[in-house]
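Asker: As given, the protein sequences belong to chains H and L, one line each in that order. When you line the first sequence up against my numbering, it's residues 18 to 292, in that order. When you line the second sequence up against my numbering, it's residues 523 to 793, in that order.
Please keep in mind that the hints were generated in silico from the structure rather than gathered at the bench. Just so you know, these numbers come straight off a predicted model, no measurement behind them. For every residue, glycine included, the Cβ atom is placed at its ideal position computed from N, Cα and C. A few of these clues could be false.
No more than 27 Å apart at the CA atoms, straight line, and that leaves these computed lysine-lysine pairs for DSS-like [what the hints assert, rightly or not]:
#: 1; chain 1: L; residue 1: K681; chain 2: H; residue 2: K153
#: 2; chain 1: H; residue 1: K177; chain 2: H; residue 2: K201
#: 3; chain 1: H; residue 1: K175; chain 2: H; residue 2: K201
#: 4; chain 1: H; residue 1: K118; chain 2: H; residue 2: K175
#: 5; chain 1: H; residue 1: K64; chain 2: L; residue 2: K565
#: 6; chain 1: H; residue 1: K175; chain 2: H; residue 2: K153
Simulated DEER-style distance windows between Cβ atoms [said to hold, decoys possible]:
#: 7; chain 1: L; residue 1: V628; chain 2: H; residue 2: P257; range: 45 to 53 Å
#: 8; chain 1: H; residue 1: E130; chain 2: L; residue 2: G598; range: 33 to 41 Å
#: 9; chain 1: L; residue 1: A533; chain 2: H; residue 2: G128; range: 34 to 42 Å
#: 10; chain 1: H; residue 1: E206; chain 2: L; residue 2: E684; range: 50 to 58 Å
#: 11; chain 1: H; residue 1: R243; chain 2: L; residue 2: F617; range: 40 to 48 Å
#: 12; chain 1: L; residue 1: A646; chain 2: H; residue 2: G76; range: 53 to 61 Å
#: 13; chain 1: L; residue 1: G598; chain 2: H; residue 2: G186; range: 53 to 61 Å
#: 14; chain 1: H; residue 1: A133; chain 2: L; residue 2: V628; range: 34 to 42 Å
#: 15; chain 1: H; residue 1: G76; chain 2: L; residue 2: L790; range: 41 to 49 Å
#: 16; chain 1: H; residue 1: T73; chain 2: L; residue 2: V628; range: 23 to 31 Å
Chain H is nowhere near these chain L residues, computed Cβ spacing over 10 Å in every case [stated by the list, open to error]:
#: 17; residue: P542
#: 18; residue: T572
#: 19; residue: L631
#: 20; residue: V636
#: 21; residue: I691
#: 22; residue: L696
#: 23; residue: G698
#: 24; residue: R706
#: 25; residue: R779
#: 26; residue: L790
Each chain is listed here by its residues.
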Amino acid sequence: MSEIVLDKVWKEYGDQIVLEKISLTIASRAFVALVGPSGCGKTTFLKMLLGEEAPTQGGITLDGVPLIAEPGPDRGVVFQRYSVFPHLTVLGNVLLGKVFKRSPIAARLFGAERRAAIDEAMTLIAEVGLNGSETKYPAQLSGGMQQRLALAQALIMKPKVLLLDEPFGALDPGIRAEIHVLMKRLWHETELTVVMVTHDMREAFTLGTRVIAFERPRDRPEERERYGAVLSRDIDIWPPRIAGENSIFAPDRDDPVIPLGLRQDDPAPQGDILP
Amino acid sequence: MRWINTKPSRATQIALMLAPFLLLIVAYGVTSAARLADNPADKLLPALQTLIDAINRMAFQPDPRTGEYLLWSDTGASLVRLFSALGISTLIALFFGMVIGMLPYVRALLAPFVATISMVPPLALLPILFIVLGLGETSKITLIVIGVAPAMIRDLALKVLELPREQIIKAETLGGSSWQIALRVVLPQVLPRLITCLRLQLGPAWLFLIAAEAISSDSGLGYRIFLVRRYLSMDIIFPYVLWITLLAVITNFALDRLRIAVFPWSNLEAR
Ligand SMILES: Nc1ncnc2c1ncn2[C@@H]1O[C@H](COP(=O)(O)OP(=O)(O)OP(=O)(O)O)[C@@H](O)[C@H]1O
Ligand SMILES: [Mg+2]
Chain H
18 MSEIVLDKVW KEYGDQIVLE KISLTIASRA FVALVGPSGC GKTTFLKMLL GEEAPTQGGI
78 TLDGVPLIAE PGPDRGVVFQ RYSVFPHLTV LGNVLLGKVF KRSPIAARLF GAERRAAIDE
138 AMTLIAEVGL NGSETKYPAQ LSGGMQQRLA LAQALIMKPK VLLLDEPFGA LDPGIRAEIH
198 VLMKRLWHET ELTVVMVTHD MREAFTLGTR VIAFERPRDR PEERERYGAV LSRDIDIWPP
258 RIAGENSIFA PDRDDPVIPL GLRQDDPAPQ GDILP
Chain L
523 MRWINTKPSR ATQIALMLAP FLLLIVAYGV TSAARLADNP ADKLLPALQT LIDAINRMAF
583 QPDPRTGEYL LWSDTGASLV RLFSALGIST LIALFFGMVI GMLPYVRALL APFVATISMV
643 PPLALLPILF IVLGLGETSK ITLIVIGVAP AMIRDLALKV LELPREQIIK AETLGGSSWQ
703 IALRVVLPQV LPRLITCLRL QLGPAWLFLI AAEAISSDSG LGYRIFLVRR YLSMDIIFPY
763 VLWITLLAVI TNFALDRLRI AVFPWSNLEA R
């Protein structure tokens with residue numbers, strides 16, 4: 018289980034109020050898509066969930082326990098850039114979490130332990146479709162492949178929560194559709210609660226179980242410092258998506274939009290079709 | 523086509539590369555010949571043949587007094603000093619650069635101090651070093667270390683701070699401790715920079731070496747140059763200067779090759 022509860026969270030940087038009074042309960046195994054205009058505090062929100070930034074007021078709990086004040090292995094993360102280590106190969110990147118866990122002093126694995134870790138890493142690498150590229154360095158991979166690698170690297174820790182900050186924002190639509198399929202599968206198959214920041218409404222609605230929006234109610238230039246963004250929309254996707262279960266409306270697809278054909282205003286007419 | 527878009531072909535590139543060197547040699551030959559035609563006893567710009575004779579004498583014939591091949595014994599003495607000093611500086615820079623870059627407490631403690639120390643003109647300290655440490659090897663090596671280490675520490679600390687914050691956060695979410703992150707994330711990424719930094723410090727290191735040797739020594743390339751200066755032996759000084767330059771160029775090149783060989787990924791970024 019991994020339920021995240023935010024209780025009246027405020028965040029200020031110096032004089033500037035960024036987020037105001039965010040109260041939110043994120044159910045275990047939910048896939049929350051977070052949208053909002055640029056600069057409204059989405060990354061700040063994610064950093065608070067990571068433990069990288071502390072709320073100015075209010076508290077955050079994970080499974081009823083106050084969040085540890087620094088990033089840790091229970092919360093994985095993928096950023097838009099710089100999520101993988103340029104000096105390690107694909108295999109080295111995925112192995113790193115295992116190495117940190119097993120070898121506190123030398124930070125290296127040897128012999129049988131190393132072989133076992135490599136086996137596990139290889140399975141994950143295959144899972145995200147990077148088999149064959151194990152010995153390449155990130156600079157030799159495309160943007161989409163780097164993000165797949167970042168996912169595999171985070172998932173080897175089996176985190177309770179996966180935080181994604183515009184992870185697919187820099188990818189072209191074709192690659193993005195492909196990685197959406199992967200993302201959905203991973204979410205179905207792993208014990209994960211996901212919070213994903215995105216600018217792409219379509220992405221939010223195709224992947225999420227719940228879409229929330231941050232917005233500044235007062236956004237005149239002179240008010241911008243004194244008033245932060247608040248939680249302005251909170252939409253549960255219907256028909257509900259449930260982790261690990263096929264959608265009742267389309268057993269072989271995750272995307273309920275196409276077979277239903279009901280919502281003419283849904284901006285997602287194609288792509289994303291599971292094989 | 524705009525000038526900024528016109529590029530030389532491979533052959534032109536090599537020709538252009540060699541041109542300034544050839545030009546320098548020709549200019550030297552012409553001026554030297556002109557001066558010698560004027561006054562055959564001129565010592566300022568010896569003829570090429572005189573230079574070759576001097577090289578032959580210094581490098582391939584034993585010194586009548588000591589029985590040593592002077593160029594090689596001088597080179598040996600200088601390089602031992604230079605490389606031990608650079609080795610010590612590298613270790614100091616690696617350690618302090620990393621702790622200053624990674625640990626906010628150490629940064630608060632040491633960053634301003636190192637910045638101040640790096641402003642002290644090392645040559646002004648030379649008399650103090652000679653008085654305190656004596657005239658032997660220690661004072662010369664110390665001078666070079668004081669001259670290059672602070673700059674290397676600052677450069678390396680900056681490099682550590684330049685690592686994207688996202689990378690460090692990512693490493694933390696993979697369960698890394700401070701030590702593990704230092705060892706597996708930060709260290710490998712600053713090592714290539716350390717080598718580059720060392721290359722940039724070769725010039726200053728040679729400067730301090732020659733200065734120290736000029737003032738007090740009984741062997742070394744700098745010592746020899748300043749010794750024969752008294753006799754206006756340009757035929758020895760010129761080849762020595764060339765030799766020192768060549769040594770520096772080779773070291774520079776070898777260090778860069780080493781970086782690419784050991785850290786192949788560090789050259790991929792530039793794509
Ligand atoms: N470290 C910081 N110090 C001061 N102000 C900050 C800091 N980080 C963010 N801010 C401010 O907080 C506000 C929200 O920033 P944040 O990065 O969370 O926006 P965002 O919603 O992620 O935007 P984008 O969609 O462009 O990524 C911005 O106005 C920014 O200026
Ligand atoms: Mg952001």
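Asker: Compare the structure with each hint and give your call.
Answerer: Here is how each hint holds up against the structure:
no., hint, in the structure
1, K681(L) <-> K153(H), "holds, 24 Å"
2, K177(H) <-> K201(H), "holds, 16 Å"
3, K175(H) <-> K201(H), "holds, 16 Å"
4, K118(H) <-> K175(H), "holds, 12 Å"
5, K64(H) <-> K565(L), "violated, 73 Å"
6, K175(H) <-> K153(H), "holds, 24 Å"
7, V628(L) <-> P257(H): 45 to 53 Å, "holds, 52 Å"
8, E130(H) <-> G598(L): 33 to 41 Å, "violated, 47 Å"
9, A533(L) <-> G128(H): 34 to 42 Å, "violated, 54 Å"
10, E206(H) <-> E684(L): 50 to 58 Å, "violated, 38 Å"
11, R243(H) <-> F617(L): 40 to 48 Å, "holds, 47 Å"
12, A646(L) <-> G76(H): 53 to 61 Å, "holds, 58 Å"
13, G598(L) <-> G186(H): 53 to 61 Å, "holds, 59 Å"
14, A133(H) <-> V628(L): 34 to 42 Å, "holds, 37 Å"
15, G76(H) <-> L790(L): 41 to 49 Å, "holds, 44 Å"
16, T73(H) <-> V628(L): 23 to 31 Å, "holds, 28 Å"
17, P542, "holds, 35 Å"
18, T572, "holds, 53 Å"
19, L631, "holds, 22 Å"
20, V636, "holds, 26 Å"
21, I691, "violated, 5 Å"
22, L696, "violated, 4 Å"
23, G698, "violated, 5 Å"
24, R706, "violated, 5 Å"
25, R779, "holds, 18 Å"
26, L790, "violated, 4 Å"
In this structure, the earlier hints numbered 5, 8, 9, 10, 21, 22, 23, 24, 26 are contradicted, and the remaining ones agree with it.
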